[in-house]
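**Q** Next come the chains, spelled out residue by residue.
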Amino acid sequence: MTVESKRRTMNINMGPQHPATHGVLRVELELDGETVVKATPHIGYLHTGIEKTAESKLYYKAIPVTDRMDYLAPMSNNLGYCLAVEKLMGIEVPEKVIYARVLLTELTRVMSHLVWVGTHALDIGAMSMLLYAFRERELIIDLYEACAGQRMMTTYFRIGGLAYDLPKDFDEKVNKILKRVPEGLKDYERLLNDNKIFRKRTIGVGVISAEDAINCGVTGPILRGSGVNYDVRKATPYCGYEKFDFEVPLGKNGDTYDRYLVRMEEMKQSMRIAKQALDGMPEGPYRAHVPGVVLPPKEDVLSKMESLIFHFKIITEGFKPPVGAVYQAIESPKGELGFYISSDGTNKPHRMRVRPPSFVNLSALPKLVEGNLVADVIACIGSIDIVLGEVDR
Amino acid sequence: MKEKLREFIESNFKEAVIREDNFRDQQSFYIKREYLYEICEALLNNSDLDFRFLSEITSLDWLGHEEEKAGRFEVIYILFSLKHKYRFLIKVRLPGDNPVIDSLTPLWQTANWLEREVYDLMGIEFTGHPNLTKILTPDDLEGFPLRKDYPLTYEVPQFSYNKEEPPEVIL
Amino acid sequence: MGLEEKIPDSIILTTLDKMVNWSRKRSMWPFGFGLACCAIEMMSTFAPKYDLARFGMEIMRPSPRQADLMIVAGRVSKKMAPIVKRLYEQMPNPKWVISMGACASCGGVFNNYAILQGVDKIIPVDIYVPGCPPRPEQLMDGILKLYEKIEKDSLRKKPDGKS
Numbered sequence: 001m002t003v004e005s006k007r008r009t010m011n012i013n014m015g016p017q018h019p020a021t022h023g024v025l026r027v028e029l030e031l032d033g034e035t036v037v038k039a040t041p042h043i044g045y046l047h048t049g050i051e052k053t054a055e056s057k058l059y060y061k062a063i064p065v066t067d068r069m070d071y072l073a074p075m076s077n078n079l080g081y082c083l084a085v086e087k088l089m090g091i092e093v094p095e096k097v098i099y100a101r102v103l104l105t106e107l108t109r110v111m112s113h114l115v116w117v118g119t120h121a122l123d124i125g126a127m128s129m130l131l132y133a134f135r136e137r138e139l140i141i142d143l144y145e146a147c148a149g150q151r152m153m154t155t156y157f158r159i160g161g162l163a164y165d166l167p168k169d170f171d172e173k174v175n176k177i178l179k180r181v182p183e184g185l186k187d188y189e190r191l192l193n194d195n196k197i198f199r200k201r202t203i204g205v206g207v208i209s210a211e212d213a214i215n216c217g218v219t220g221p222i223l224r225g226s227g228v229n230y231d232v233r234k235a236t237p238y239c240g241y242e243k244f245d246f247e248v249p250l251g252k253n254g255d256t257y258d259r260y261l262v263r264m265e266e267m268k269q270s271m272r273i274a275k276q277a278l279d280g281m282p283e284g285p286y287r288a289h290v291p292g293v294v295l296p297p298k299e300d301v302l303s304k305m306e307s308l309i310f311h312f313k314i315i316t317e318g319f320k321p322p323v324g325a326v327y328q329a330i331e332s333p334k335g336e337l338g339f340y341i342s343s344d345g346t347n348k349p350h351r352m353r354v355r356p357p358s359f360v361n362l363s364a365l366p367k368l369v370e371g372n373l374v375a376d377v378i379a380c381i382g383s384i385d386i387v388l389g390e391v392d393r
Numbered sequence: 001m002k003e004k005l006r007e008f009i010e011s012n013f014k015e016a017v018i019r020e021d022n023f024r025d026q027q028s029f030y031i032k033r034e035y036l037y038e039i040c041e042a043l044l045n046n047s048d049l050d051f052r053f054l055s056e057i058t059s060l061d062w063l064g065h066e067e068e069k070a071g072r073f074e075v076i077y078i079l080f081s082l083k084h085k086y087r088f089l090i091k092v093r094l095p096g097d098n099p100v101i102d103s104l105t106p107l108w109q110t111a112n113w114l115e116r117e118v119y120d121l122m123g124i125e126f127t128g129h130p131n132l133t134k135i136l137t138p139d140d141l142e143g144f145p146l147r148k149d150y151p152l153t154y155e156v157p158q159f160s161y162n163k164e165e166p167p168e169v170i171l
Numbered sequence: 001m002g003l004e005e006k007i008p009d010s011i012i013l014t015t016l017d018k019m020v021n022w023s024r025k026r027s028m029w030p031f032g033f034g035l036a037c038c039a040i041e042m043m044s045t046f047a048p049k050y051d052l053a054r055f056g057m058e059i060m061r062p063s064p065r066q067a068d069l070m071i072v073a074g075r076v077s078k079k080m081a082p083i084v085k086r087l088y089e090q091m092p093n094p095k096w097v098i099s100m101g102a103c104a105s106c107g108g109v110f111n112n113y114a115i116l117q118g119v120d121k122i123i124p125v126d127i128y129v130p131g132c133p134p135r136p137e138q139l140m141d142g143i144l145k146l147y148e149k150i151e152k153d154s155l156r157k158k159p160d161g162k163s
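Chains as they are written, first to last, in my numbering: chain A, 1 to 393; chain B, 1 to 171; chain C, 1 to 163.
Honestly, the hints are just simulated from the structure, not real lab data.
We treat Cβ as the ideally placed atom computed from N, Cα and C, and that holds for glycine.
Warning: the hint list may mix true and false statements.
[Unchecked claim] Selected chain C positions facing chain A (Cβ under 10 Å, derived; list incomplete):
hint : residue
1    : Phe31
2    : Ile115
3    : Pro130
4    : Pro133
5    : Pro136
Use the sequences and the hints to build the structure in full.
**A** Right under this line is the structure:
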């Protein structure tokens, strides 16, 4: 009898309540000693039926449910949905809306990555990062609140424009963010980049090659961490991204540390885009003028009879797009977020399908963790940056 | 790119294509279900077109709509070419009584979870899938929630006047 | 008057109830358990700007066996419901539950096949915090209301604390 044949593997269940799974993910691990032989993620513990719910609502009223998918980046979800419906209806939005949307979604990316860097560093032992990251995040939340009146679930982007005009102190608040967050980023880099423990726990951990990454369909920082240059903002520009000057950071090794570097650099690029958008912000209306489809501005509703009638009709009956289906992809902080909206000619979506980046990225988890140590599973889950609300929908 | 792709598909799989659709400048091909695997394999292995990226698999239910005549279910595949930065859709219609289609898992690993999700929520079976089981819904949930004949299940909220009775569920 | 005048200054007379309730409410150990969007606001509440440590609850326990306050932060799906119930049962007595947000309290915007319409269908809830998601101030207010409730508690009640 050899030593080999005596080896037994052990099954360990991780989650759905586990502090490092970022929600209600359950992973079944098969261990040989401390090495992971097989990992099987089980999902669905937050299945909300968002796609089904959206089918029962008018096009307008489906925007709030999109907020609650990727709750770390609500504005990105709003943007994807609104762009898809606008594509379906053939609506062109005013220049100011484009700039405001770009600015706010880029700050959303920063916000999402801040939560990521906080929780990811917390998982692998750097507790204080969480506190610092949340400190900076509050600045962006303040801006959200000034714009939309809500801290997280903003529903600020509407079909054909914005919910309200930008607030008066918008520039001031954005400038504050653009000043304070880069300072914070420098601090984080000083804390983490050359931190021995952080490097030991991330370099060479959870490696995925470019070939595998493409075959697994992963997008976002994970794909770019492996060196594949695919960013929806550059590949198929939407919402006027071709007007902005930014770079797509790429990693080399495809390990957890490279993904960390990619995200940190992405935050800096986002700040760059936000700066350009703020400088170039034109004056103008905050909603497109498409009677019967886009809500007229509130001031007009209160003073003009015709606007009031349109407002009433849109709110009660909605609008009817032509029969057909569109797919609109955007680059959310997690990757390619796509909305597939099919219309059957009625005033409700026939089908609203979300292509969830976290869901597809999570399906590559076994590839990342198998062969690694059990403690690295946490680092890998953290580096994928999953949001269970989006995975399960 | 549009013409190049059209030429490739029409020259190699002339009998497979039912029609081409260009709604809102978005190319999509309706194809017969027997040819799906072949077409995808050809597209994946063609280094010139370079459709190595399967970004999405989803499905529709046309129950009660005039489109139902062509087949109740529709499965949609979205392919992306990293080289040409070009995205297009493949759509396959399936009959309501026998919604079965070939699995693309041997070609793309992405297909694994996406097909499981379609199976779980829409009840379309993929032959050749290694592990076609429920993924999102609880094990005891019967039926396929995204089908049009599955009710949204609205539960009447309980207030002080009806808190004594069990909640009414509208299917 | 009477006995109280005779005792030294370092001794305070009170009832056992008050003493126990005071210590319980000032060392509450919440259970670090997030479900959905509200969990992020819960984290914000623990983060520097709002700093829940001011109320004696900075330590989130990752295990239910060490916790006495469960904050159900987010929507409870029907797949998750049995697990939430089990986690609640694993917590030692006395234990309290805050249902944070509209989804946990009544299903919120998701009235459909997948979501449990209120976590109070499976576990007893002490405080409901409205909002979608509630602001950190709202959660804090809910926690302070829970303190008031604990103050009124009595040891003479049944041991499960929920008489």
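**Q** Go through the numbered hints given earlier and state which of them the structure violates, listing their numbers in rising order.
**A** Hint 3 contradicted; others consistent.
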